[in-house]
Amino acid sequence: MAPFSHSGPASAPAPPTPLVLTWPAALIGLLFGVLMTYVPYEFRVASFRPLYPYVREMGITYLASSLAMLGSLLYPRAPRWLDVLGRVGFIITTTAYWWVLNVLSGSFTGTILYPLLFIGLALEALPSFRRRPLFRGFVGIIGLCFGPPMIVAPERFPPAIYAYLSPVMAMTGVLFMAAGLALLLPLRRWRPWLPRAVMGAMALPYGLLSWALGRGQFWMGMSVYVIITLGCVAEAVAWRPRAPRTVGWKLLRGLAFAGLVPLLALGAVASFLAQRAIEEQVREDTVRTATGEADFVRRYIEEAREDLRLLLDTPGFRAAFADGDASRLEPYLLNVATRPRPFGTVIAMDAKGAVLASSANIQGLGPLPTFTEIVSEPFIHRGPRPYVALALPFEERGHRRGALVGLLSLKQLAAASTPAARRFHVQVLDRSSLQVIRDTAPSAPMLSPARLPEALRKAVTSSGQLVIETFDAVDRRILGAQAAVPGTQWSVVVTQELGVAYAAITRMSAAVVGMLVFGVLLALALSQFVARDVIRRLTALREATAALAAGDLDRRVDVEEDDELGELARGFNDMAIRTGATQVELRDAVKVREEFLSVASHELRTPLTPLKGFASLTLQRLEQSPESPEREWLLKALRSMSRQTDRLARLVDDLLDTARIQSGRLELICKPVDLLPVVNEVLERFELRGAEGLHFELEPPPGPLEGVWDATRLDQVITNLLSNAVRYSPQGGTVRISFGVTASYVELRVRDQGIGIPPESLQRLFQPFSRASNATSRHFGGLGLGLFICREIVERHGGVIWAESEGSQQGSSFHVQLPRAPIQAVPQPDPAPIAGKPSTGLPGEASLSRWTG
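The sequence shown begins at 82 in the working numbering and counts up one residue at a time.
Simulated from the structure, these hints should not be mistaken for lab results.
Given the structure is predicted, the values throughout are model-derived calculations rather than measurements.
Treat the hints with care, as some may be off.
[What the hints assert, rightly or not] Within a straight-line C-alpha distance of at most 20 Å, the following computed EDC-like cross-link-like pairs (lysine to aspartate or glutamate) qualify: (1) K492 x D376; (2) K492 x E383; (3) K693 x D727; (4) K492 x E476; (5) K433 x E383; (6) K752 x D796; (7) K433 x E477; (8) K492 x D511; (9) K433 x D404; (10) K539 x D511; (11) K752 x E762; (12) K693 x D734; (13) K752 x D791; (14) K433 x D406; (15) K752 x E787; (16) K539 x D553; (17) K752 x E876; (18) K752 x E828; (19) K492 x E384.
[Said to hold, decoys possible] Computed Cβ-Cβ distance ranges for the label pairs, DEER-style: (20) A127 x L204: 31 to 37 Å; (21) L166 x Q298: 31 to 37 Å; (22) V581 x S128: 51 to 57 Å.
Glycine is no exception: its CB is placed at the ideal position from the N, C-alpha and C atoms.
Construct the complete structure from the given sequences, taking the supplied hints into account.
Here's what the structure looks like:
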């Protein structure tokens, strides 16, 4: 070993963690458990006969022990007793399977494989063996045990099972022996990759074994070698299933047991209940079939007897029979025999048993039944032709004068078609001799001894149990039932192979397994909803986020682990810090904006007041002095100045009202008032101005419009609505003012013939700085604050304002509905926060949100 003395443990690369043998064993047990629990009727081979009554219990034990082993592999911190319990359950159940199916039947491969599997599982229960390559040694020893017999004694692998492996038996043995020997050598000392390469080569003979068993439909053995083959491939590519380390894998791990175990349990219970129900139905169906076949035979005989009875009731036949005239009897007998009935021959006999006439030659017929017999024992006529004789006595004046005998053809009886014959194997037996009278099997000999399982034979001879589950002569598991034919010594026996009888259960169970697989895959895709620790941490993050949105900027989340959720928690904490700083800046910005609005509004209004006063005084003097030069020009200029100052005043008033609304300082002074004079006063102002040549039409109400309102603010609302109507109406248009009056409310309507409002603009028309799209595009002026102020004033009165329009160029109608009774000021809702930023709850923030919206 000198050439390798330079490679010490410190310099050599760390070998990959070996694949533990528990993984293949757990998968084998899981597959066995699913098959035995969901499709137990497929275990109908003769060698499985001793275990068949306990197949469901074995399947449940396999499932429980395999899940326990998988749980200990995926959860390294699981209780040690869970791992030990799973291994013990698997070994005990597989020992019974191994002893019955391998040792007693002389199976060479299973006799070697399962003890080695037991030893490996027992060793891996010890922590010191967990990191040793036991799976590699397991497949290597099996290869050494399988290889030589395949080469020198291939009879150890019977052709009935390994027929498809026979052409490559010797090559498979060489591969087994060479790879097995190589795996037991210290290959890693020469090249680290050699053990993995040999495991890849070992996958080939195991794959050939699984392919041969699959072609022969030996599914259990095939599944074992498929799993071993996959284990060899996993070793070759250095892929190892291991306990999860990330949140995603933890979710998958949790779901594998939070979803798979209940699904398997519920599926097993549902499959068991469905199997019992269908099994009972199949048994009842088998009994009904036997009873129905017995009734068919009874009716067959009754119809034949009725034909004979009708002949006996014929007057001409009775006269010929009484006279013993054969020439007159034969036409009647031939007529009955040639009908589509099962009679081969019809015979008329006298009281002494001598043949008077017959429909055919009866030489060699043998002894005929006495008159006291209704149906004779079956017998063979020449040909050979199997018959039974059906006799009816001929009586005249109370004395028996002879008998009419019909010979029933058993071949015609066997050929009779019934629905049961297409699904079941139907036999009619003579109970005294156990001879076959009718058999639906092709080319079945008549009157041959019945070959029945012992349980069915006892049931027929003793008229015992109706339905029996047993094995036939070729060791196929069958379901059979028997029923006596009334009035005869016959019994009907119907049998069906168990796999055919319970095919519906097998299909249903396969569908359940498929649904389970689909359910597990679907659950794995939704794995983020299962892990309890992840849900707890996600809940903490969600609660912290809600607290932050409510204004708790000091809320933080603990970073528990260094995984994806830990990174998310750190990101949340950083976001909370930045949000707090942003909110401080936001409050400062709101304060500055409010101060600006207040100062700017007052500064704008200060020079406007003397300007408006001077313009009004000058205009008044010019109007009173008609002799002043350039009078017309000055009038025009001063009127324009007055209009502009009015406009500036309205804009400033709108800004001041908006600031009051946003800061909650807009107050109403409500007292009893009649709305009609307020409307008339506003209307007069517009008429005096000669508003753009428009016509104003007022539809007066039938009475006063009294209510408790703020007249000044309502004047502002009406002025805004009429200003909009004037601004957007064409020259010479008409503005109509009407009212709707009820005992509780007063409704004011302003209708114009202007440019109308597009449907998409109606919803946001009363928002600050919002205008209809067609008004914006045509530059009608205004800041879009008038309707917003109107809405606030109306809602503070407890009323409602809305707009209606059929579309562009269709005019518009504004409605204001006010309650008559005095109400308190409507509290304003909490202001909506700015998109992307949490609310502080400060009054100024609402103003900023509206101005930025």
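* Unsatisfied constraints (hint numbers, rising) -> Violated hints (numbers, rising): 4, 5 and 22; every other hint is consistent with the structure.
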